[in-house]
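Produce the complete structure using the sequences and hints provided.
Protein chains in written order, with our numbering: chain A, 1 to 446; chain B, 1 to 313.
Rather than coming from a laboratory, the hints here were simulated on the basis of the structure. The reader is advised that the hints may include incorrect statements.
[Stated by the list, open to error] Which residues of chain A face chain B? A partial, calculated answer using Cβ under 7 Å:
| id | residue |
| --- | --- |
| 1 | Y93 |
| 2 | T341 |
| 3 | R364 |
| 4 | P420 |
| 5 | A421 |
| 6 | S422 |
| 7 | D427 |
| 8 | Y428 |
| 9 | L431 |
| 10 | N434 |
Note that the Cβ used here is the ideal one computed from N, Cα and C, for glycine as well.
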Amino acid sequence: MGILKTFALGGIHPEENKLSSNAPIEKLAIPKQAIVPTGQNLGAPSKPLVKRGDVVKVGQLIAEASGFISTNIHSPVSGKVLKIDTVIDGTGYKRPGIVINVEGDEWMDDIDRSEKLVTEIKLDGKAIIERVKTAGLVGMGGATFPTYVKLMPPPGKTAEYLIINGVECEPYLTSDHRLMLEKGAEILVGTQILMKALNVEKAIIGIENNKTDAIKHIQELVKSFDGISVQALKVQYPQGGEKQLIKAVVNREVPSGKLPIEVGCVVQNVGTAFSVYEAVQKNKPLIDRVVTVTGKAVKKPSNFLVRIGTPISQLIEAAEGLPDNTGKIIGGGPMMGKALTSTDVPVVKGSSGILLMKNEESQRKTENPCIRCSKCTTVCPMGLEPFLLSKASKLGKFEIAEDELIMDCIECGSCQYTCPASIPLLDYLRLGKNKVGAIMRNRGRN
Amino acid sequence: MDSIIIFAVAALGGLGLIAAVILYFVANKFKVYEDPKIDEVEEALPAANCGGCGFPGCRAFAEATTNSAKKNKNLEGLNCPVGGNDVMQTVGSILGLEVEAADPLIAVIRCNGTFKNTPAKVKYEGATSCAFAHALYGGEGGCQFGCLGLADCVDACDFDAIHMNPETGLPVVNDKCTACGACVIACPRDIIELRKKGPKDKKIFVSCVNKEKGGPAKKNCSVACIGCGKCDKVCKFDAITITSFLAYIDFEKCTLCRKCVEVCPTEAIWEVNFRPRKPKPVVEKVTVKAVEDKPAVAEKVEAKPAPDNNTKE
Chain A
1 MGILKTFALG
11 GIHPEENKLS
21 SNAPIEKLAI
31 PKQAIVPTGQ
41 NLGAPSKPLV
51 KRGDVVKVGQ
61 LIAEASGFIS
71 TNIHSPVSGK
81 VLKIDTVIDG
91 TGYKRPGIVI
101 NVEGDEWMDD
111 IDRSEKLVTE
121 IKLDGKAIIE
131 RVKTAGLVGM
141 GGATFPTYVK
151 LMPPPGKTAE
161 YLIINGVECE
171 PYLTSDHRLM
181 LEKGAEILVG
191 TQILMKALNV
201 EKAIIGIENN
211 KTDAIKHIQE
221 LVKSFDGISV
231 QALKVQYPQG
241 GEKQLIKAVV
251 NREVPSGKLP
261 IEVGCVVQNV
271 GTAFSVYEAV
281 QKNKPLIDRV
291 VTVTGKAVKK
301 PSNFLVRIGT
311 PISQLIEAAE
321 GLPDNTGKII
331 GGGPMMGKAL
341 TSTDVPVVKG
351 SSGILLMKNE
361 ESQRKTENPC
371 IRCSKCTTVC
381 PMGLEPFLLS
391 KASKLGKFEI
401 AEDELIMDCI
411 ECGSCQYTCP
421 ASIPLLDYLR
431 LGKNKVGAIM
441 RNRGRN
Chain B
1 MDSIIIFAVA
11 ALGGLGLIAA
21 VILYFVANKF
31 KVYEDPKIDE
41 VEEALPAANC
51 GGCGFPGCRA
61 FAEATTNSAK
71 KNKNLEGLNC
81 PVGGNDVMQT
91 VGSILGLEVE
101 AADPLIAVIR
111 CNGTFKNTPA
121 KVKYEGATSC
131 AFAHALYGGE
141 GGCQFGCLGL
151 ADCVDACDFD
161 AIHMNPETGL
171 PVVNDKCTAC
181 GACVIACPRD
191 IIELRKKGPK
201 DKKIFVSCVN
211 KEKGGPAKKN
221 CSVACIGCGK
231 CDKVCKFDAI
241 TITSFLAYID
251 FEKCTLCRKC
261 VEVCPTEAIW
271 EVNFRPRKPK
281 PVVEKVTVKA
291 VEDKPAVAEK
301 VEAKPAPDNN
311 TKE
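Following this line, the structure appears as structure tokens:
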């Protein structure tokens, strides 16, 4: 295999803790009540199309896109719409959503529910993009950027490589890993569909070297697919970041403030490739996803295939309950995930995992003064200076933060992880990004 | 030897002389006329440079007042909240103008989500900054409108006028408040409002900014405004408006009659610095025996919140 590739700048290697990597994907029971927030994607929230009391089927369109960067939402369950109101989300804020009382499990007629692998791609590029758009697909890695937008390179730009992100660099999470092992062929067909839509010849699947079984499995399968290759990568966080992955796989650097298409690359998650397969070959919209439920104290760390809108309490129950000494429930992985304020929060399109942290490991250490060790700068995968940026945003000097390229921060949390003084660097970076982003948008408007 | 010294003195002296002459003409040529009154006005100002007047510092305010006096012959819209009426009168006399007395304002905290009223459901342990916490999550008690208690307002205050009360987790404004508005800008949830100080510091205001429907609001906080509209009905002066399940009392119209305070079912309306109420006639109707047994009943009726100096208990 030779020396394994990785990205150039910074990076860390936290404890992997992939506890659930041997747990096969289990299909979870349909919830009694599905809570479907209308703002599940990056960009504008969707507009509800159903009314209170409407009867809906699985896969029926219940909310439509309300802008360019926005997606359709389909009903993940069948039943009656109870209300269209505000529902609590992971942050404790209330956002608009649709609550559906489940009755039976009746699917739309045009969805192919058979497990049979369909390899022949009948649709042409344009039709594929249209199907991906109507099926409401978003990036399944967590950023929830509408997939169809990525498939339409701006005029004058052409894609050269399609990179499929099977890195899963976040500790604990294993949903992509299990998906590659169990639905490898489907992912590869999905990749071919994406290649056709983008009109590219080459696709590379990047997988970190801690998933050797997945690498072998996909390498075996890839032999019967043209143009797709597998690239094993050195274990390094945050390799799953788009820009880091491009650097690692094709050794190109995305310029500051630009998108990957600038260097001829499009990156899609393996989960997205799988949903593309389902949407195009089976006509199934995005109504379920694989979610990892894990943690050191969890009795049965598992991977579940759950319908969107299932309350996470049901997932925790299926993993044999909330451990007694749980300190934090985190939506996503330990590095980038955010602590949830309630277990009534539903699974959304971007939920990749639920991490139950023990009380003692979830506590933050007390903040100490900066000792100028420059560890944060060393590990920053974007080559930024986190100590400076966080100080600038703490003091409200957002001009300095903008000049020092705070908007390039990918919020990976490496700086805060490595800081020996336990300074909440990422917190202030997020604050700064928030404010600078607002300032820049305002400037654009005026 | 002597000649060298003489030569040096002559050369340097001559150079200085030439430079002085050039500088004199240059200074005359590029002279900027500045109204001496600006300096006088600046002298009269409190020199806090707080920005409460809307100008960057006292000097800029002095320039603005002097210009306004020259051009418009009035000082409309210009007020130094820190100095108050006294300073504005002085400024007016320097500029030769009559200045109308403006009502003094004071910062008011419109949230009563104490630890007791809004029990914490989650514990926050991120960066101690309201601005960040506001962007991150709803709040420890579940109220997404209430005070986060991380003291951004305290940091913003230049006058030592606002402090956190560790018992309630809410900020408290004291007498030093100059209504400069720095805390109003610092609060990411718009909880702090500048309101009329009122006669003898008497104020009535809705101590809540929750825009949710009554049920969800009350679920998280026992003293939330539920938008029931009782205060609106009882108000004879049209001072109360209810928008999105939240009452707001217009301090310009409010006559401090205290009727709304009585009817509020959740004690969301606050009266500050009023004398304790007389016992209600209802108490008298209670049989004599009962009154003798429980003299505390009358006390209890009085025990509406009437803390000193806008403190919240």
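Quiz item: What hint numbers does the structure not satisfy?
Solution: 4, 5 and 6
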